[in-house]
Each structure stands twice: as C-alpha cells, then as structure tokens.
Amino acid sequence: KTVFTSKHDIKMASRQTMYDFLSPEEQKFQEDWAQEKINQMRPCPAGLWWDRIPGGYACTGGHHWMSDELLAKGKGGWYL
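Just so you know, we're using the numbering used here here: the sequence shown kicks off at 479 and counts up by one.
Keep in mind the hints are simulated off the structure, nothing from the lab. These numbers come from a predicted model, not from an experiment. Fair warning: there could be bad hints in the mix.
Taking lysine-lysine and the DSBU-like style, the derived pairs with C-alpha atoms no more than 35 Å apart in a straight line are [said to hold, decoys possible]:
1. K485 x K506
2. K506 x K553
3. K551 x K479
4. K551 x K485
5. K553 x K485
6. K553 x K489
7. K506 x K479
8. K489 x K506
9. K551 x K506
10. K489 x K551
11. K553 x K479
12. K489 x K479
Construct the entire structure; sequences and hints are all you get.
Below is the structure:
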C-alpha cells in the first residue's frame, strides 16, 4: 500500500529520482513534498529530522538513510 493519495503525489514521486536534475525552484517544491511524505511514511525512529544528501535523505543523527527510489515507491522504510 502507498501513502500517495492524489495525482499530485504520483507526479511528485515520479520526479523524486530526478531531483538532482530539477531547477532550484523545482527542487524547493520537491523538497517540501518529500519532507511531508517522509514524515507520513516513516519518521526517523529516534524522532530526528531528515536532511537531503546525494541520492536521498539521512536522519540528522546519521544512523538512518532513505534513498530517492525508496521514497518514490511511497511505501515507507529506511536503511540502517
């Protein structure tokens, strides 16, 4: 099951894996959407925020990682 509930979510998810190729303005919108979905799907188990890193996101504690591909699937989860 996915957390994507609208056509907008599906469109944004399809763009997530192309984040590095988006314009700065598009990246801002993508980042806002991604942070919202990350917190819906799978917040950091330690309660920390997620920072953008190359290829995805890492919690501010540095112990958990979520790839753009995983986020684009909309099913939650992260890597240790």
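request  = Run the structure past the numbered hints and jot down the numbers of the failing ones, going up.
outcome  = none
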